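K.L.:
In case you want the letters, here they are:
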Amino acid sequence: MHFKANASIKLKDSTLQQAMLKAKGKFVDGRAAAVQELGNFEEIREAGKSIRNRALENLDVWLLRFEQEAMARGAVVHWAQTGEEVNRIVLDIARQYGVKKVVKSKSMVSEECALNPALENAGIQVVETDLGEYILQLAHEPPSHIIAPAVHKTREEVADLFVAAHHTERKTDPTALAHEAREVLRPHFLDADMGISGANFLIAETGSTVVVSNEGNGRMVTTLPRVHVAITGVEKVVPTLEDFSTLLRLLTRSATGQPISNYVSLTTGTRSADDPEAPEHFHIILVDSGRTKLLGTELQSALRCIRCGACMNHCPVYQNVGGHAYGWVYPGPIGSVLTPVYIGLENALDLPQAATLCNECGVVCPVKIPLPDLMRVLREKQFEGGMRPWTERLSMKAWRWTALHPRAYALLSKLGAKFLQILGGREKMLHKLPGLDGWTDGRDMPAPAGETFRAAYARYKREASE
Amino acid sequence: MNSRESILARIRANLGKPSGEPNQQEIMAVLEYLNSHPSGPRPHGEWTDLTERFKARAKALGSTVDEVVSMAEVPNAIHRYLEANALPKSGICWPEFAELTWQDAGITLAVRSVENKDMIGITGTFCAIAETGTLMLLSGAATPAATSLLPETHIAILDATRICKGMEDAWNLLREEKGKVPRSVNFISGPSRTADIEQTIVIGAHGPFRVHVIVVS
Amino acid sequence: MRVGLFVTCLVDLMRPSIGFAAIKLLEAAGCEVVVPETQTCCGQPGFNSGDRRTAQDLALKFFDEFDGCDYVVAPSGSCAGMIRVHYPDLFKDQIDVLARLTNLTNRTYELTDFLVTVLKLQAVPGQFTGSITYHDACAGLRELGIKQQPRELLGKVSGLSLCEMNESAKCCGFGGTFSIKLGEISTRMAENKCVNIDVSGADAVVAGDLGCLLNIEGRLRRRGDKKTRVFHVAEVLAGLID
Numbered sequence: 051m052h053f054k055a056n057a058s059i060k061l062k063d064s065t066l067q068q069a070m071l072k073a074k075g076k077f078v079d080g081r082a083a084a085v086q087e088l089g090n091f092e093e094i095r096e097a098g099k100s101i102r103n104r105a106l107e108n109l110d111v112w113l114l115r116f117e118q119e120a121m122a123r124g125a126v127v128h129w130a131q132t133g134e135e136v137n138r139i140v141l142d143i144a145r146q147y148g149v150k151k152v153v154k155s156k157s158m159v160s161e162e163c164a165l166n167p168a169l170e171n172a173g174i175q176v177v178e179t180d181l182g183e184y185i186l187q188l189a190h191e192p193p194s195h196i197i198a199p200a201v202h203k204t205r206e207e208v209a210d211l212f213v214a215a216h217h218t219e220r221k222t223d224p225t226a227l228a229h230e231a232r233e234v235l236r237p238h239f240l241d242a243d244m245g246i247s248g249a250n251f252l253i254a255e256t257g258s259t260v261v262v263s264n265e266g267n268g269r270m271v272t273t274l275p276r277v278h279v280a281i282t283g284v285e286k287v288v289p290t291l292e293d294f295s296t297l298l299r300l301l302t303r304s305a306t307g308q309p310i311s312n313y314v315s316l317t318t319g320t321r322s323a324d325d326p327e328a329p330e331h332f333h334i335i336l337v338d339s340g341r342t343k344l345l346g347t348e349l350q351s352a353l354r355c356i357r358c359g360a361c362m363n364h365c366p367v368y369q370n371v372g373g374h375a376y377g378w379v380y381p382g383p384i385g386s387v388l389t390p391v392y393i394g395l396e397n398a399l400d401l402p403q404a405a406t407l408c409n410e411c412g413v414v415c416p417v418k419i420p421l422p423d424l425m426r427v428l429r430e431k432q433f434e435g436g437m438r439p440w441t442e443r444l445s446m447k448a449w450r451w452t453a454l455h456p457r458a459y460a461l462l463s464k465l466g467a468k469f470l471q472i473l474g475g476r477e478k479m480l481h482k483l484p485g486l487d488g489w490t491d492g493r494d495m496p497a498p499a500g501e502t503f504r505a506a507y508a509r510y511k512r513e514a515s516e
Numbered sequence: 239m240n241s242r243e244s245i246l247a248r249i250r251a252n253l254g255k256p257s258g259e260p261n262q263q264e265i266m267a268v269l270e271y272l273n274s275h276p277s278g279p280r281p282h283g284e285w286t287d288l289t290e291r292f293k294a295r296a297k298a299l300g301s302t303v304d305e306v307v308s309m310a311e312v313p314n315a316i317h318r319y320l321e322a323n324a325l326p327k328s329g330i331c332w333p334e335f336a337e338l339t340w341q342d343a344g345i346t347l348a349v350r351s352v353e354n355k356d357m358i359g360i361t362g363t364f365c366a367i368a369e370t371g372t373l374m375l376l377s378g379a380a381t382p383a384a385t386s387l388l389p390e391t392h393i394a395i396l397d398a399t400r401i402c403k404g405m406e407d408a409w410n411l412l413r414e415e416k417g418k419v420p421r422s423v424n425f426i427s428g429p430s431r432t433a434d435i436e437q438t439i440v441i442g443a444h445g446p447f448r449v450h451v452i453v454v455s
Numbered sequence: 013m014r015v016g017l018f019v020t021c022l023v024d025l026m027r028p029s030i031g032f033a034a035i036k037l038l039e040a041a042g043c044e045v046v047v048p049e050t051q052t053c054c055g056q057p058g059f060n061s062g063d064r065r066t067a068q069d070l071a072l073k074f075f076d077e078f079d080g081c082d083y084v085v086a087p088s089g090s091c092a093g094m095i096r097v098h099y100p101d102l103f104k105d106q107i108d109v110l111a112r113l114t115n116l117t118n119r120t121y122e123l124t125d126f127l128v129t130v131l132k133l134q135a136v137p138g139q140f141t142g143s144i145t146y147h148d149a150c151a152g153l154r155e156l157g158i159k160q161q162p163r164e165l166l167g168k169v170s171g172l173s174l175c176e177m178n179e180s181a182k183c184c185g186f187g188g189t190f191s192i193k194l195g196e197i198s199t200r201m202a203e204n205k206c207v208n209i210d211v212s213g214a215d216a217v218v219a220g221d222l223g224c225l226l227n228i229e230g231r232l233r234r235r236g237d238k239k240t241r242v243f244h245v246a247e248v249l250a251g252l253i254d
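Note that the protein sequences, when read in sequence, are chains F, X and R. Going letter by letter, the first sequence gives residues 51 to 516 in this note's numbering. Going letter by letter, the second sequence gives residues 239 to 455 in this note's numbering. Going letter by letter, the third sequence gives residues 13 to 254 in this note's numbering.
A hint or two may mislead.
What the hints assert, rightly or not - Short, incomplete list of chain F residues facing chain X, as computed with Cβ under 7 Å:
#1 86
#2 88
#3 97
#4 208
As the list claims (entries may be wrong) - Pairwise CB distance ranges, derived in the manner of DEER restraints:
#5 164(R) x 434(F): 41 to 49 Å
#6 254(R) x 512(F): 18 to 26 Å
#7 477(F) x 252(X): 56 to 64 Å
To be clear, the hints were calculated from the coordinates, so they are not data collected in a lab. Please read all numbers here as calculations on a predicted model, not as lab measurements. Note that the Cβ used here is the ideal one computed from N, Cα and C, for glycine as well.
Here chain F stands alone, though its shape is the one from the complex (with noise of 0.2 Å):
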């Protein structure tokens, strides 16, 4: 993994950025006018938080509480350590109840997991039905969003790609394209022995989960096979409806502009006399896969997160290099925090260093996790692990030094001053310097004044009294 080296691929690839420019706008517009919209949006995203806070702090009670709940109702609670573990789980239940055919709507723990390959070794043919799912899986590509996984596509690859597949006539927009795809699918929905969803939220006062979306293929998926599999994190209990219902009020606005998205489902139990038709068997999977681990640290507001992704819709290192240079599931902020956490911090040394710490993603966000601060916090382990390069730590050590010693700092000062001062020339402008290629490569320095302002304040001074 190698963020740095991935964003400076994708900065030069003009089909991504053409993309992320059209997205860019669409998210952060709509989100603002929905927010404005609300009113209360400031009132509501405080509640948002203490409910977030609330089910975290009792995490235990409310999963056993949950737990209990859906088993009343027939659902089978499993709990998973890992992502093997998961797709192990998933496969005994496909064997179980003999599924050739999976179809999927979006779930991001399964690709934490790498499900779709599992199941395919295993000989089960994995439909994704969520139309970016679908479009990556033609494409062989992982989501590059967690809401909109397709975001870095344009209509022409798109094109391309359903021509390759469905062997139709090239079309190139989106409505023609969408509706193919719709023709497509249907029949998958309609003959598959599983759907496997996610869940937005698991609900303890009913044993419910909750599917968020707007194609109604999560509907499908969770109505029609005959076995349900929900996979979801530990982390996504609420307590009860009402507090689910506040979240949503933060979560749809702040994914996509949108008042409420246009299918909220809530599934709990299985078929009954009640309700003939649902699917016999519900299988619900509770993943920890590292989640637990951030609990009692400075790190847990993290696991407030509801996935909407306003934090990478608006941060400036998303939007120019996409997600998939975040090299695994979560991109943007949320993954600069909790990819080192779930894969390893060795394993993703640039990840706490790709941001500004502009703060835009803390002020989106809509359980308010202070997304910078925890990038610090991974940032700091960094340091005291010794994980960054050595010039690094030799100039933050000389950094230090001076920093902490106002004579030397004022000579180094006042020699660096007047060094850069000449080697800026009539222009005063530096077009190289030494060891800051990162900067000079693509910017000039503007050259110091000269003298510092130290010297030229003590000269004021001196000359003010004579």
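Could you slot chains X and R onto chain F? The hints should help.
P.N.:
Only chains X and R this time, still in chain F's reference frame:
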């Protein structure tokens, strides 16, 4: 320890709680909260007329809305809608509407589970939410969930007295009248849509292309 | 009113005129300005690179140097934000230090915020013929709420017209050491900012943080723009523009 026990133990350890099962105090705190299920802050804006608010918001999200004064008028209103949109005048409906005078209105309806060929699905509505213009449907033996999902056109009949202010009011109605949540609670706010190709909104992703609400007032 | 000027390390090294502009504005408003000689850096480079201990040491050094002042003012939202918002966070586990420190950090202001909020300045000496566009630096805007203050003051500069650029609140890509560690992304962000400046048609771009200004000016010149002038807000307000 199995995974369940390991995860629960890790949660307790990391949260600084004593090992073992949750103690009585923790459980009581949870029960107390569940029993009080407090409502969070609601959006500002006092809508005196819930029906008007519902209609405005439903339309804003792409539904179409008609209003009639009695259930007897529903078949004709639906005929008008189908006619105006050049839609087939046959489909399926929930059993509760089987007795309406569909034939007189020139509509052929079957009362059964939905099939993929069905073009029109007519459902009732448990209640609706004025805040967002949302329909709330509960699945059940007489209220199958797929009727509102597979057909290209979903027509929902809504009793105007069942329009609540917000989702919280709908939950209270559900608790009072049903006591528990059904297999599926579906909140529907307009036709199915996607924006997955270049963030361009396309109506009719996987679910209905059209959602038409008949408010019976 | 005794006001300590926290010059900031960048102003000290690169552009002393900003420090003098701040003094001129404060003195014109009747403040007694003191400039502790031993001041160096607020500690932000260390803080943002994970060196919490050095940031703490420099916070204590700041306290020793400025404690006698009624207020502390910095011509930088970034440094003022470090002091006001992050210093208390550095000592959140040391109650006694925290109490003493916050007493001072709560009296620490970014320059334009101080001029507007505390001094309620009515007039400024600066004059400028032409249009400027204002870049909202991240820390000032999102940590200290500095948005209207500089615009209000710039509105008092005779001859100056303000034209807003698109995305004025979008980060310019500086980000301290980010600008070197992830130079390519940083450059792209600076380029986006330059495009917005260019489109605004302004004669000059103005901001309240020298870091942003060096980044923006460096990119403007590299992309061949020799005409758009680049000023710190203090320089424009004080009339110290060459």
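K.L.:
Evaluate each hint against the coordinates.
P.N.:
Evaluated hints:
A distance limit of 7 Å between C-beta atoms decides the matter here; for residue 86(F) the minimum to chain X is near 12 Å, and the interface restraint is violated. Residue-level restraint check for residue 88(F) holds (minimum Cβ-Cβ distance to chain X is 5 Å; threshold 7 Å). A least Cβ separation of about 4 Å between residue 97(F) and chain X falls short of the 7 Å threshold, and the interface hint therefore holds. Because the beta carbon of residue 208(F) sits about 5 Å from the nearest beta carbon in chain X, less than 7 Å, this interface hint is met.
Taken as a hint, the range 41 to 49 Å holds for the pair residue 164(R) and residue 434(F), whose Cβ atoms sit roughly 43 Å apart. The given range of 18 to 26 Å is respected by residue 254(R) and residue 512(F), whose C-beta atoms sit roughly 24 Å from each other. Hint check: residue 477(F) to residue 252(X), Cβ distance near 58 Å, so the stated range 56 to 64 Å holds.
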